[in-house]
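In case you want the letters, here they are:
Number of protein chains: 2
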Amino acid sequence: MTGDAAGAAPADQDIAGFVAVAEAAADAAGEVIRRYFRSVLDADLKADDSPVTDADRGAEQAMRAVISATFPTHGILGEEFGVQNAAAPLRWVLDPIDGTRAFITGRPVFGSLVALLQGDRPLLGIIDQPVTGERWVGVAGQTTRFRGPFGGRVGSRACPTLAQAELSCTSPEMFGADLEAWRKLSGATGRTSFGGDCYAYGLLALGHIDVIAEADLKVWDWAAILPVVEGAGGRMTDWHGAPLRVDGDGRVIAVGDPALLAPTIELLGG
Amino acid sequence: MTGDAAGAAPADQDIAGFVAVAEAAADAAGEVIRRYFRSVLDADLKADDSPVTDADRGAEQAMRAVISATFPTHGILGEEFGVQNAAAPLRWVLDPIDGTRAFITGRPVFGSLVALLQGDRPLLGIIDQPVTGERWVGVAGQTTRFRGPFGGRVGSRACPTLAQAELSCTSPEMFGADLEAWRKLSGATGRTSFGGDCYAYGLLALGHIDVIAEADLKVWDWAAILPVVEGAGGRMTDWHGAPLRVDGDGRVIAVGDPALLAPTIELLGG
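Here the protein sequences come in this chain order: A and B. Using my numbering, read the first sequence as starting at 1 and increasing by one per residue. Using my numbering, read the second sequence as starting at 1001 and increasing by one per residue.
Everything labelled a hint here was simulated from the structure, so no lab data went into it. Among the hints, a few may not be true.
As the list claims (entries may be wrong) - To give an idea of the chain B side of the interface with chain A (calculated C-beta under 10 Å), a few residues:
| no. | residue |
| --- | --- |
| 1 | 1013 |
| 2 | 1019 |
| 3 | 1039 |
| 4 | 1131 |
| 5 | 1143 |
| 6 | 1206 |
| 7 | 1251 |
Note that the Cβ used here is the ideal one computed from N, Cα and C, for glycine as well.
Based on the sequences and whatever the hints tell you, model everything.
Here it is as structure tokens:
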């Protein structure tokens, strides 16, 4: 291992090893998740007692086992099981099912997220759709890779003005007090579509969506997405245009064409 | 051919023939649509000059050719090319891409819709997802059939109260003046998810969604869906609980558990 303790960038061979483990972790999560997808839930099950919870917990445990076996000193932060080795300079950030509503309703547009952070900076991120077999792999400073059975090529598209832009967010219900700001942005863009969670960011990286603005994201929601978006030519920041931080306010912007960042920030009041 | 001119129900062997042609039409549409899915569009293309339009028109022409070759005297009503044999007692109703925003943004949750109407009553309907390979086939009076690679079994689920229900609609932007009514319904249900168009009704037929309320639907949006939903144990009506009509007001309710129909109508002010 080189560099991680001092905060310098890891060497290329280390990165390749991290990516291999991240892909193995995503594979392990997918095996668990596919067993639960499209199982019909009783309508009156409590959230804590449901197959969703089982899938979420089982998948996170599977990912943690893969990572710990190879990198026992690394930190791991997951939505379900909290933090392990909190002070480690390299920390894995896991979200086994990003897009719980999509998963519960049987829509194959949720994703498993795996990221490796050095401080606040994601070194790599994977967006994996375990049902369709689509996977985006982003590494800081590298071109994003994508594979999947439905086609699609990596590269965000040129879209110089918001009036031409395809805007997306998971649900207008996520904004709370920020709903007015969202509405201003939505009013200025060409079209708006809903749904998608991490999958929508993957589609931005393929050139099908131009702007995503969301609120209330946790670090495990955005850490894996950032290198995928930036490695496809896009940008991802908070609502003020500043780099995303682990202790940030949860507001996130992603744009495919960097020219859209300034007008998006302005409309959101950042 | 038996019965269609008089308005009596067609014989079983006629229905089997109609279903075979409907499936062939959906196959033909899918071949066209898959060629265009995930092709990156220039952000500044006009809607009338885009690959979406090409896919829509090409797919509808392919479906019309299949149907006309076998049933030249039947009526055909499609979103793109209008009506043919308007006075025929049996009319095919086609929507090659239901879920244009999903198609444009690369989400595999749009669908091709094929229905056969006798008067206002759908005799059969197909919801086809040509990218994932999922297909729902509904026939009046029969149990809905479903096939696809991601699992799922036909049958809406028991959900006796709205408080337990999973609610869905394509976008809150579809309601216009009906937005307040939608909000009352959304406030009374357990959870709300957005996106999906016809695909969400397919998921209701698999027991993953309990209530869908939408507005501004055309006959080609709902005709294929109704037999799929009702053949899975659900109900589909207008916002007053009345049967859907070709010249109706575009407001649609689908419920998986028939017990949800009355409280849904009440909250929507029907």
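> Holds or violated: residue 1013 of chain B as interface residue toward chain A, Cβ cutoff 10 Å?
Replying inline: Hint on residue 1013 of chain B: violated, closest Cβ of chain A at ~34 Å, above 10 Å.
> Minimum Cβ distance from residue 1251 of chain B to chain A below 10 Å?
Replying inline: Violated. Min distance 20 Å.
> Do the numbers back the hint for residue 1019 of chain B, that is, is its least Cβ distance to chain A under 10 Å?
Replying inline: With a closest approach of 24 Å, the residue 1019 of chain B hint is violated.
> Close enough to count: is the Cβ of residue 1143 of chain B nearer than 10 Å to one in chain A?
Replying inline: 16 Å, violated
> When the nearest CB of chain A is found for residue 1206 of chain B, is that gap smaller than 10 Å?
Replying inline: 6 Å, holds
> Measuring from the C-beta of residue 1131 of chain B to each C-beta in chain A, is the shortest one below 10 Å?
Replying inline: 5 Å, holds
> Per the CB criterion, is residue 1039 of chain B less than 10 Å away from chain A?
Replying inline: 8 Å, holds
In summary, the numbered hints that this structure violates are 1, 2, 5 and 7.
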